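4 protein chains.
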Amino acid sequence: MTDPLHNQAKEVLDGYVRRIQNLNAEIAASQEDRKSVYAEAKANGYDPKILKKVIADLERDKKDVADEQAIYHLYLRTLGWDLLA
Amino acid sequence: MTDPLHNQAKEVLDGYVRRIQNLNAEIAASQEDRKSVYAEAKANGYDPKILKKVIADLERDKKDVADEQAIYHLYLRTLGWDLLA
Amino acid sequence: MTDPLHNQAKEVLDGYVRRIQNLNAEIAASQEDRKSVYAEAKANGYDPKILKKVIADLERDKKDVADEQAIYHLYLRTLGWDLLA
Amino acid sequence: MTDPLHNQAKEVLDGYVRRIQNLNAEIAASQEDRKSVYAEAKANGYDPKILKKVIADLERDKKDVADEQAIYHLYLRTLGWDLLA
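Chains as they are written, first to last, in our numbering: chain F, 1 to 85; chain E, 1 to 85; chain P, 1 to 85; chain H, 1 to 85.
Looking at chain F on its own, in the form it has when it is part of the complex (with noise of 0.2 Å):
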């Protein structure tokens, strides 16, 4: 007969194992769905790299994307790149 106190640990140890198991899971299937939009994106000649970084931005406050990207490119243009001319 196995010491109740371990029994009592395992079913403990057991229950957080088994939720972030599940919560894993959960959370790997998602970032499959999320893989597979990203391909049908790509396939249909979207660049998957830019809309990540458009749909980040577009959590963002608007007005401080917009500073970023001008700060950006005076940067660039002052080391010789103008990418917006």
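If you're looking for bench data, these hints aren't it; they were derived computationally from the structure.
Source: prediction; values computed, not measured.
For every residue, glycine included, the Cβ atom is placed at its ideal position computed from N, Cα and C.
Any given hint could be a false lead.
[Said to hold, decoys possible] Computed footprint of chain F on chain E, listed as stretches where at least three residues anywhere in the stretch have a Cβ under 8 Å from a Cβ of chain F:
1. 31-45
2. 64-78
[To be verified] Heads up, simulated DSSO-like pairs for lysine-lysine below, C-alpha to C-alpha not over 27 Å straight-line:
3. K42(P) x K62(P)
4. K10(H) x K52(P)
5. K63(F) x K49(P)
6. K53(H) x K35(P)
7. K62(P) x K52(P)
8. K52(P) x K35(H)
9. K42(P) x K53(P)
Dock chains E, P and H against chain F, hints included.
This is chains E, P and H only, laid out in the frame that chain F set:
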């Protein structure tokens, strides 16, 4: 009258953006849930970092994990650290 | 009298460990130096995050960076954000 | 005759860019050296991933590493994996 081609492009791009934003939200929500399970385990005396490592190793082949542990302790012992003494 | 084989293994393993530790220290020192250059630039009004992006892009083919920027702004404009207006 | 202010800004920005580029190159070179030491160790039968973990743990307090290992094996044993049996 805006350019129909532009509207069509907007619709397609909007579609990808919304689908990815929804999946991003799903992933973020599951990650938050996972964080709270680890926080709950921590509050009950479990070490989240070690729990995370155990859960990752439980997904692997048991023999691989055992071999890895044996080599890890062999290297440490060779270097003068016998953690299992 | 310890096992000669063990001594030899210890010597070899020690050798790798020391060489890697030295390289880790070198890398950490250069990363610290780099952090202080960014801190200096920040103190003089430059944005470290944008500076880092500019430096990364300067290492790339200028046309690729320009195309990427054009597509980025095209996507954003299509979605209703015209940052360059 | 270009704007002196612009020249001064270019010089300052150039200065930061060059210093960071040099440090990036230094870091990249040391990382390459480190990669070849791991490759050499691998060629002589050592496991790079475990070696990396050992080197990281040797930088820590020995008791902390020993406690962590003890808890790790306790959790695994509680869950039915006794790797040290």
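Within 8 Å of chain F (C-beta), three or more residues of the stretch 31-45 of chain E = It holds: at least three residues are needed, and the stretch 31-45 of chain E offers 8 whose Cβ sits within less than 8 Å of chain F.
Given the hint that K52(P) pairs with K35(H), does the C-alpha gap stay at or below 27 Å?
-> holds (24 Å)
Whether chain F covers the stretch 64-78 of chain E (at least 3 residues having a Cβ closer than 8 Å to its Cβ atoms) | It is violated: at least three residues are needed, and the stretch 64-78 of chain E offers just 0 whose Cβ sits closer than 8 Å to chain F.
Does the alpha-carbon distance linking K53(H) and K35(P) stay inside the 27 Å limit?
-> holds (26 Å)
Has the given pair, K42(P) with K53(P), been kept, meaning a C-alpha gap of at most 27 Å?
-> Between K42(P) and K53(P) the Cα gap is close to 14 Å, so the pair holds against 27 Å.
Holds or violated: K42(P) to K62(P), with C-alpha atoms at most 27 Å apart = Measuring from Cα to Cα gives roughly 26 Å; hence the hint holds.
Decide if the proposed pair is consistent with the structure: K10(H) and K52(P), CA atoms, cutoff 27 Å inclusive.
-> With Cα atoms ~16 Å apart, K10(H) and K52(P) stay inside 27 Å; holds.
Given the hinted pair K63(F) and K49(P), is their alpha-carbon gap at most 27 Å?
-> The given pair, whose Cα atoms are some 17 Å apart, holds under the 27 Å limit.
Proposed proximity, K52(P) with K62(P) (alpha carbon, max 27 Å) | It holds: about 16 Å lies between the C-alpha atoms, which stays within 27 Å.
Consistency note: the structure conflicts with earlier hint 2 alone.
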